Each structure stands twice: as structure tokens, then as C-alpha cells.
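Sequences listed follow chains A and B, in order.
For the first sequence, counting from 1, position 119 maps to 119 in our numbering; every step adds exactly one.
When you read off a place in the second sequence, starting at 1, and then add 149, the result is the number in our numbering.
The hints are simulated quantities; they were obtained by calculation from the structure and are not laboratory data.
Any given hint might turn out to be false.
Stated by the list, open to error - Covered stretches of chain B (in silico footprint by chain A; criterion: 3 or more residues with CB under 8 Å from a CB of chain A, positions within the stretch not fixed):
#1 270-283
#2 299-310
#3 374-385
#4 434-445
#5 707-716
Note that the structure is predicted; figures quoted are calculated from it, not measured.
Just so you know, even glycine gets a beta-carbon here, dropped at the ideal spot from N, CA and C.
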Amino acid sequence: MALLHRTALPAPRLLGRRISARAVLIAVAVVVVAVAALQVNQFSRAASTGYTIDALTRQRAAKQAENYELEAQVARLSSLSRVESDARTKLGLVPATRTIYVTVNQPLPSGPSLPARFQEQAAAAAANLPPPPPAPSLWKRLLQLLPFY
Amino acid sequence: MFGLRGRMHARLIALAGVFAVAGLLLAARVAYIQLVDDARYKAEARNEHYGQQVVRAARGAILDRNGFPLATTVNAYDVYINRADWADDAAALKGAAVIAPAIGRQPAELIGAVRKDKTGLYLAYSALDFDKGTALQAAKPVGLRLVETTRRQYPEGDLASNLLGFVGRDHTGLTGIELDFDKELGGTPGTIYFERDSIGNRLSLGAERPGQKATPGGNVRLTIDRYIQRLVESELDQQIARTGALGGTIIVMQPKTGAVMAMASRPGFKLSQLDLNDPNQALFRNRAVTDVYEPGSVFKLVTAATAIDLGVVTPNSTYNDTGYAQIGTSTIRNWDYSANGTTTVTQILQRSLNTGAVWMSGLVGADKFYASVKKFGIGDATGVGLSGEPDGLVRTNADPNWSPVDLATNSFGQGIAATPLQVLTAINSLVNGGKLMRPYIVQEMDTPGGAKTFGPQLVRQTVKPETAAQVADMMNQVVEGVAGEQAQTKGYHVGGKTGTTTGATLADGTVHNGNIASFVGFGPVRDPQMIMLVKLDYMNDVLGGQAAAPVFRDLAPAIFAYLGVAPDDPSAAR
Chain A
1 MALLHRTALP APRLLGRRIS ARAVLIAVAV VVVAVAALQV NQFSRAASTG YTIDALTRQR
61 AAKQAENYEL EAQVARLSSL SRVESDARTK LGLVPATRTI YVTVNQPLPS GPSLPARFQE
121 QAAAAAANLP PPPPAPSLWK RLLQLLPFY
Chain B
150 MFGLRGRMHA RLIALAGVFA VAGLLLAARV AYIQLVDDAR YKAEARNEHY GQQVVRAARG
210 AILDRNGFPL ATTVNAYDVY INRADWADDA AALKGAAVIA PAIGRQPAEL IGAVRKDKTG
270 LYLAYSALDF DKGTALQAAK PVGLRLVETT RRQYPEGDLA SNLLGFVGRD HTGLTGIELD
330 FDKELGGTPG TIYFERDSIG NRLSLGAERP GQKATPGGNV RLTIDRYIQR LVESELDQQI
390 ARTGALGGTI IVMQPKTGAV MAMASRPGFK LSQLDLNDPN QALFRNRAVT DVYEPGSVFK
450 LVTAATAIDL GVVTPNSTYN DTGYAQIGTS TIRNWDYSAN GTTTVTQILQ RSLNTGAVWM
510 SGLVGADKFY ASVKKFGIGD ATGVGLSGEP DGLVRTNADP NWSPVDLATN SFGQGIAATP
570 LQVLTAINSL VNGGKLMRPY IVQEMDTPGG AKTFGPQLVR QTVKPETAAQ VADMMNQVVE
630 GVAGEQAQTK GYHVGGKTGT TTGATLADGT VHNGNIASFV GFGPVRDPQM IMLVKLDYMN
690 DVLGGQAAAP VFRDLAPAIF AYLGVAPDDP SAAR
């Protein structure tokens, strides 16, 4: 008679073993530290970005102010009094004492009066038509080769 | 019923209830403070820790019709010094050594001024150039606080001063376009907050944060053309200097649209030498719009147009000029005491005969005459959109104390008061087919809702188009049908009418008994592109034909050439 020897199965080693409180504490500490580090990192990055935005805002304001200043300078330089002053002092010009009007008795030339590249636009404008659409870009043309596009 | 234990239990429950209710009330109060009324407490806390400073918005530009700026704004800095930082002598000397030269002051004087008070900020300089301010900021002197601000600049110098007006120290418009369009030009000021100590001093290394952002003002584009305006002002100044006039006004308008291309008045003020404390505030007025005068013989055009339009006369109708007109007990004579015999309506205008105007008004009758005057806009503000424009004065036969002599004198422009702009607008209808156009001086402005544009606006038809054409033709004959007429313009067929009356305005705005010489002219006759009113005030007797007509003659060809109007006779224009 054969002896039926059954050995008891070993208890599952990992699943069944209880996780120690120490491990839990360490895990929690790790998570807390990670969250804290992440938050510190975020704060740091936010502060850094804030400084960058602030610097860029100041830079933009400065450029805008420079732009205003340059616009004012353009206005000053193109003012009539300045133009007249330069014409008199630098170029030695004087006000015209007589105006000469030239009567042109010749008819207008029959050929096109505009260079070829403007003729299409001029014709469209004359016919009150919208200008032709611009040529598509290289990428657009490549995309158009795709069957599903 | 209850034992001792039961009673104690009930008391504990009651006590717990009291605490619970108190806790709930406290929680509710905290929630109210934190969630409902938080803004108030935040503001209180902020006010406790932060000071507030207003940042001016960049003011919009005033542009001419072609977009050239007549008034514009540039960034600048207001230079403040924190008094607390200069409490120490060494720090004050160090700071003043850098700041004072940059703002054109002496260090010792600056330190003395700053130390008149112990706390707060001292405004050392207002609107320092942006470049200088930036350089000063880079030097980081002790106590320096720079606040961004703006400064008004006038690229064309003193051009159109009385029209543009000016802004005050707080950058709000005080007169002229600056005042009338202050809302559009001004924008919305912003704020910045800074940390302060318990007594209000700004902390040296304290935080600063922006509050409400400043919104820049919009631009206002005028119908004024800077070139024509400059021509007009130059000619007006020269004529005043040549003839010793007290002052004067010139307005140039586009006949078909009513757009004002130039508007100049003297005496006035210079933007480059502006003195806000000048006791003579009358110098700041735009007299072309605000001051009334008797139009004089220019008004005979209205009388003639009314009579022709009603069909009671034609340009060739005649009357016998005996040299005087008797109205009741009053005798009205011609300005030169002449008697011209049989005279046509056209000759009445050419010779500017008062008796002829009285004759025409008698044919028209008071009711129809004043109705027509009203149609020409005399007695009503034009609605040009500039402040200070009066209605003018017309006493009609419906008013008390009116007498038939009033009708007679009104017919040649006396006893009626109108502004130069009203007179020009009325006469313009006669060279514009009878269409009375509302004059306008702003063609476009930026508003928070987008750009707003203004264009020609027909007010009403004053006379029939054929009547207007006949009167315009007679105006041409006034200028070209009389030998030696001072308004004759080389190369161009023009028309016009002179006027002379009393009541010159002095520099302080008071009215004097001297003469007002005026002329209203237009051209070219075939297709009017420009109409101009010239008015000059004198202490003595000067006629419109002598003083005002030559101004038109000198200005008209230059304006026509600038506008690209070909001459009628090129050979004559040379």
C-alpha cells in the first residue's frame, strides 16, 4: 500500500506577509518628500518664470517707449519748419517766385502703363474683382499630394 | 421624573449645543469674511501694506488729414526722491551728486528742497526725457524713484495752437481739440502698488506690483492740412505785421464737403511758450469758432440770393440808386455816399451798395427774409463739434423791439452777429449748388469701440441750385468785373465779396469801435475746390477790399497749386 504522502503547500511568502509599519512610514515619507520637492520645484520655476515675464514686460515697455521716441523724432524731422530750414540753410533753396505750368498736348501712350507684374492686379482692381489667391507654399503642395488630404 | 444623572446629562447636552451654535456662528463669520466680504478685507490689508501710485496712460496723437502728427506723446519719467533715504547726510550728498545734474538742479538746493519734509516722496522733476531717465535709473543713485509718465510734443511747433489747445499738468485737455476730445485722447490711467512702512514711507527693497493697467488713448485725425495751415498762418501773421491789424482770422474749407482745411486766429498763444498762469485767458480762445462779429457787406450775398430765389429780382434787375434809402425817420446811405442811378443787382454787389441791399430786402419782406437767414444757418451754431461755439444773434420781426430799420440794416450785414465759421458755412452753400454743408474738423478718431469716422453732412438746401449758380457767377463778376479789384488771382477765375463793419476785437476779447475788414472768396469758378474767409480787425478805418482781399489773392494760387488744381490760364499764372 502505497503511502500517500502529501506535504503541505508552503504559505505564499510575499502576498501573505504583512507589510511592516516601518516600510509604510518610509514610503509615506518618500511620497511626502517627493511631493514637497515637486512643489518647491514648481514654486521655483514659477518664480523664475515670473522674473522672466517681468523682465520681458519691462523690455517691451522700454522698446515701446523707444518706438514712441523714434516716431516723435520722425515727426520732428519731417515737420514743415525743419524741411524748410534744411532747404534754405543746407541746400540754399529759396521760395519759387514764378510757377511754370506745362501743357501736355500729347495723347497718353497706347501701351500698358504699368509693369507686367502689376497688370493683373490692376485689371482685377478695375473690374472690382478680388486679387488672385497667393500660390500655396511648398508644404501645402506636398500635403496636397497625399491621397487622403 | 429625572434623576441626578439625567439632569447632568441634559445640562451637558445644552452646553454642547451652546458650543456647537457658537462654533457654527464663528464658522459662518469666518466663511463670510473669507468668501463673501473678502475683497474689502483684502483691500484694507493691501492699503495697510501698500501705497498706490497713478500711472498716466499715453495720450493719443492729434494728426492732420494726411496722418502727420500735430501733437503726439512720448514716454518720460517723473523723478521722485524718497525723503527717508536722504535722512543721512552722506547718502543725500551721494544721491544728489548723481540726480541733480541730470535734472538741471544744484545738489545743495535739491537736498534742501527734499528735506523740507521728513517723510514721503519729493517730486524733483516732472517728465524727464526717456533717455535721460533710463541712464539715471542705470546709475542707481540713493533715494531715486522713477515713475513712468508721458509728455506732450508738438512736431510742427506752434502750428494751429488755438485749434489744438493744450493739456494741463495732470495731462487732461484744457482747451481746443485737447479738451473737446479729451475722453478719446486721454485713455485710462493705471496704478502701481508699492510696499510701505508703518508711516507711509516706501520700503527701499519693498515689493512693487502692477495694479490696473493703463489703457493708451486713441488718435484723432483732423481735416486740417498742415501745409495749408502753415501757409495761412504765415500769411495772416505777415498781413497783420504789414497793416498793423489787431488780429484776424482765416478759415479755408472744402466747398463740397464742408471739411475745414485750415483755421487760424490771432492774437493767440504759442504752444512752445505756454503760460498757464497768463491772466489774459482770451488768448486761448479759438476765435474762428467762439467770437461773433457783424459780417457786413459779405451778407449782401445772402440778401441777393434770397431775392433771386424768390423770383423778385434777377441779376439784371435794376433800381434807381439815389444814394440813400429812407426807412421811417432813418436815412441809410451807401458806404461811400455815392448815388449811382440805374443799377443792376450784379452792380449792387460789385459796388457793395447798401441802398441796393435795402431795396432787395424790401421786395422780399421781413417774414421771408428772416426765414431765409435761418435757412442759411445764421443764428444757429454750425455743430462743427468744437466747444464754445455760440448761436449768433439775429433779431427777427417776431422779436420785441424789432423795427423795419433792422430789416434794412440786416440786409447789408449789420445788426446781425455770427462767427466767422457760420458766415463761411452760409456763403459756402452759394458756391455748392445751394447745399448747406455742416462744417467738420475731425474726420476720424479711435474709440474703445473701434474707429469712428466723420464725413460730409448735408444740413439743408438754402436756395435752388440755379440761384446758387447765378450768385456764384455774380461773385466772380465782383472780383473780375471791376478793374483793380484786389482779390483777382493770377491764372484762376475766382469769386468773392468784401465786407467792412465796425466792432473790432482787442487782444483781451473786448470789442472796440475800429473796423473789421473781411473777404469771402472761392475758386476756381468752374469747379470750386476751396473757399476762404479772411477777417482782420483794426483800430481805424480799413476796408475789406484793401486789407482782406489781398490775403486771398496771395494765398489762393499757392493752395490751388498744392491741391493740384490746374490754372484756368497757365500763361497768366506765371
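Against the structure, the hints come out as follows:
Only when three residues or more bring their CB closer than 8 Å to a CB of chain A does the claim for the segment 270-283 of chain B stand; here the count is 3, and the claim holds. Counting residues of the segment 299-310 of chain B whose CB lies closer than 8 Å to any CB of chain A gives 5, so the stated coverage by that chain holds, three being the minimum. With 3 residues bearing a CB less than 8 Å from a CB of chain A, the segment 374-385 of chain B meets the requirement of three and the coverage assertion stands. Counting residues of the segment 434-445 of chain B whose CB falls under 8 Å from any CB of chain A gives 0; the rule of at least 3 is not met.
With 3 residues bearing a CB less than 8 Å from a CB of chain A, the segment 707-716 of chain B meets the requirement of three and the coverage assertion stands.
When the structure is compared with the earlier hints, a violation turns up for hint 4 alone.
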